[in-house]
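Enquirer: Make a model of the complete structure from these sequences and hints.
Line order of the protein sequences matches chains A and B.
Just so you know, the first sequence maps onto residues 1 to 274 in my numbering.
Just so you know, the second sequence maps onto residues 1 to 382 in my numbering.
These are calculated hints, taken from the structure and not from any lab test.
The structure displayed is predicted, hence computed values, not measured ones.
Treat each hint with caution, since some may be false.
What the hints assert, rightly or not - Only some residues are given here: those of chain B computed to face chain A with a beta carbon under 7 Å:
id, residue
1, 51
2, 73
3, 80
4, 86
5, 349
Beta carbons are placed, not taken as given, at the ideal position from N, Cα and C, and that holds for glycine.
Here are the chains, one letter per residue:
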Amino acid sequence: MKRPLRFMLRLVLAALFVAPILLALAASFRDNSDMYRYAGSLSLWTFLPAEPGIDAYRRAFTLPLLQTQLFNTVLLGFVMATGTTVSSLLAGYALSRFRFRGRQALFLLMLFTLFIPVDVILPPLFFVVRDLGLIDSFWGLALPFIFSPIGVYLIRQAIEEVPRELDHAASLDGAGLWEVLRTAILPNIRGALIACWLMHFVFVWEWYLWPLTAMRSDDGQLAQVAIASLIDPLRSTDYALVFAAAILTILPAFVVFAILQRFLTSSQATTGGK
Amino acid sequence: MHKLVLRSVTKSYAAGSAVLKPFDLVAQAGELVVLVGPSGCGKSTLLKLIAGLEKLDDGQILLGERDITNVEPRHRRIAMVFQNYALYPHLSVRENLAYPLRRQKLRAADIVLKVSAVARQLRLDELLDRRPSQLSGGQKQRVAMGRAIIREPDLFLLDEPLSNLDAALRTHVRGEIRDLQRRLGTTMIYVTHDQVEAQTLADRLVIMRNGEVQQVGPPQEIYERPANIFAAAFLGTAPPNFLAGRIVDDRVEIGQASLPLADLPGECRTALAGREQIYVGLRPEMLRPTCDLDRDHFVLRGKVIRREIVGNSQNVHFRSEAGSADAAKLSALAGRHLSDELVWTTERAGTDDAVELGIRPESILFFDTDGVAIGAHGSDAL
Ligand SMILES: Nc1ncnc2c1ncn2[C@@H]1O[C@H](COP(=O)(O)OP(=O)(O)OP(=O)(O)O)[C@@H](O)[C@H]1O
Ligand SMILES: [Mg+2]
Numbered sequence: 001m002k003r004p005l006r007f008m009l010r011l012v013l014a015a016l017f018v019a020p021i022l023l024a025l026a027a028s029f030r031d032n033s034d035m036y037r038y039a040g041s042l043s044l045w046t047f048l049p050a051e052p053g054i055d056a057y058r059r060a061f062t063l064p065l066l067q068t069q070l071f072n073t074v075l076l077g078f079v080m081a082t083g084t085t086v087s088s089l090l091a092g093y094a095l096s097r098f099r100f101r102g103r104q105a106l107f108l109l110m111l112f113t114l115f116i117p118v119d120v121i122l123p124p125l126f127f128v129v130r131d132l133g134l135i136d137s138f139w140g141l142a143l144p145f146i147f148s149p150i151g152v153y154l155i156r157q158a159i160e161e162v163p164r165e166l167d168h169a170a171s172l173d174g175a176g177l178w179e180v181l182r183t184a185i186l187p188n189i190r191g192a193l194i195a196c197w198l199m200h201f202v203f204v205w206e207w208y209l210w211p212l213t214a215m216r217s218d219d220g221q222l223a224q225v226a227i228a229s230l231i232d233p234l235r236s237t238d239y240a241l242v243f244a245a246a247i248l249t250i251l252p253a254f255v256v257f258a259i260l261q262r263f264l265t266s267s268q269a270t271t272g273g274k
Numbered sequence: 001m002h003k004l005v006l007r008s009v010t011k012s013y014a015a016g017s018a019v020l021k022p023f024d025l026v027a028q029a030g031e032l033v034v035l036v037g038p039s040g041c042g043k044s045t046l047l048k049l050i051a052g053l054e055k056l057d058d059g060q061i062l063l064g065e066r067d068i069t070n071v072e073p074r075h076r077r078i079a080m081v082f083q084n085y086a087l088y089p090h091l092s093v094r095e096n097l098a099y100p101l102r103r104q105k106l107r108a109a110d111i112v113l114k115v116s117a118v119a120r121q122l123r124l125d126e127l128l129d130r131r132p133s134q135l136s137g138g139q140k141q142r143v144a145m146g147r148a149i150i151r152e153p154d155l156f157l158l159d160e161p162l163s164n165l166d167a168a169l170r171t172h173v174r175g176e177i178r179d180l181q182r183r184l185g186t187t188m189i190y191v192t193h194d195q196v197e198a199q200t201l202a203d204r205l206v207i208m209r210n211g212e213v214q215q216v217g218p219p220q221e222i223y224e225r226p227a228n229i230f231a232a233a234f235l236g237t238a239p240p241n242f243l244a245g246r247i248v249d250d251r252v253e254i255g256q257a258s259l260p261l262a263d264l265p266g267e268c269r270t271a272l273a274g275r276e277q278i279y280v281g282l283r284p285e286m287l288r289p290t291c292d293l294d295r296d297h298f299v300l301r302g303k304v305i306r307r308e309i310v311g312n313s314q315n316v317h318f319r320s321e322a323g324s325a326d327a328a329k330l331s332a333l334a335g336r337h338l339s340d341e342l343v344w345t346t347e348r349a350g351t352d353d354a355v356e357l358g359i360r361p362e363s364i365l366f367f368d369t370d371g372v373a374i375g376a377h378g379s380d381a382l
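Expert: And the structure:
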């Protein structure tokens, strides 16, 4: 492909992904009256604030539960990311290194669950979690999803790349199963681990239906679900507030991503360089 | 020093295809045993079984006084050097050397002492802070050796440790490994498919084919008295010239040429008597021009086809009226391609186009039609 064409394509793609966020960002600095005034006819001020102000953010901070709910989301992000990474590491290690009957079948079966949408299993999942007495609890949210086929796949592939001789050398050098994992394999798949962690951290921000179902107390609710309930079809909605709260919600994910992204590329480069 | 004993060890990866047929081997304490054989004959598999990295189907492995058949690899006190060295890429040379010691939970001060002692021994002092990716092949090899010797194992296993080095370095490192093994006195099993490496290193050589032992013995003995055509073709600069022969009355007839049985050593004579079809093997380096000879000899005449010069010697390829035996069958017995040309290896510079070569009767190798040596019981007891 020609160079300018490729550049244009990238620009369009980037714009496609970034535009909604930029619009939300712009809208969060507006006033509601401002928003409604220009909504009728299309002009620059339909999208951009005529008189930018941080009033909406002030209101967002006074929302009684937003900070708790934001904390819930971030905490769940850390727990899910760490939990899935650990479970994926263990499963990936077993699927890559242990020889047992039906290993390949198990792996395929696990990948197959990727094709089952969460919505389909939601009702039975609800009943299971209810019977465990975990409805309306943090762990009721987290536990059903702490095992991730994508994570297992990612880490199993990374472990497959580590030569088996390294395990063999380690076990002859006196390492047991756990020590082989910790001292010979783990340091060589750091890139995949960070990728897995980051992916599942960010995934939590997409959660909606499950917390809506399994968490009915407002204290325990996630920020993104709570924000949605600010949109009230019966009364006029404070859209500036919704946007401001949404921007505040994605901020932690953005910061964590920005920090870890660096490790992602650099650690992959070091393990790749044999 | 520890003696290694394998008793009818068998292994198959897939049902029905045995990689190791019941396999017996004894390595005496302090001995350097070289396993040699063509690719895929099960050498690496055998090492993995000894190391405990693969489970054996049946049999028993003893190391010193211990039965290690079902012992975990980490408790076997065996060190292995891999073909690709298997250094830990994320650790410095220092930490690679220290790794086995750390697993033993040694005190930090002791680890430092031992690492520096081994580093000095293997000339690694300058390299201690480098990563494996910053080392040359020869240096990696030394680190791998260092990691193997640092915890003073009962047994060394080396799987083609030199195959990634260039020829000159290989000769050098080979000598170093030999010296090291002598100095430490640790029993060593060394796998290679390079016959020069095998002969120069081995106290005893084990020639393998398709998961079976063909012959065990000191290299010189196997060279002089190979147990079968496969072993004969495996050792030596070039495989012997194999010819079909017949026993008629009291003579061995090979094409037009013939030789009285009475000229052969006693044991050969009795073993040959009463047979019909045989194969003879004439080592190219044992052939001499007849004018240099003074006694009764077996004589071959032939026309030179081409010459190859290797250093100060010359391989003269020729065809003889004695002809060659069925090349396809011999190739199968020898496990390698044999052409119907004959070869004479000589240090003479000028050679005529017509050659007349003789060989002393006691240098001739005799085999039956199944390729098993006649009259020479080359292999010693396992
Ligand atoms: N993990 C495995 N699964 C199935 N078959 C195997 C496995 N490892 C080895 N084999 C088979 O076992 C046979 C012996 O292999 P092995 O690696 O021991 O040969 P080798 O003598 O070391 O050969 P080379 O000189 O090429 O290293 C081969 O036919 C090989 O295909
Ligand atoms: Mg091998």
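Enquirer: Run every hint past the structure and note whether it holds.
Expert: Cross-check of the supplied hints:
1. For residue 51 of chain B, the suggested interface contact is upheld, since its CB lies about 6 Å from the closest CB of chain A, less than 7 Å.
2. Using the Cβ-Cβ criterion of 7 Å, the hint placing residue 73 of chain B at the interface with chain A is satisfied: the shortest such distance is roughly 4 Å.
3. The beta carbon of residue 80 of chain B is positioned within 7 Å of a beta carbon in chain A (closest approach about 5 Å), and the interface hint is therefore held.
4. Here the hint on residue 86 of chain B is kept, as its CB sits about 4 Å from the closest CB of chain A, short of 7 Å.
5. A least Cβ separation of about 48 Å between residue 349 of chain B and chain A goes past the 7 Å threshold, and the interface hint is therefore violated.
Of the numbered hints listed earlier, the single one contradicted by the structure is hint 5.
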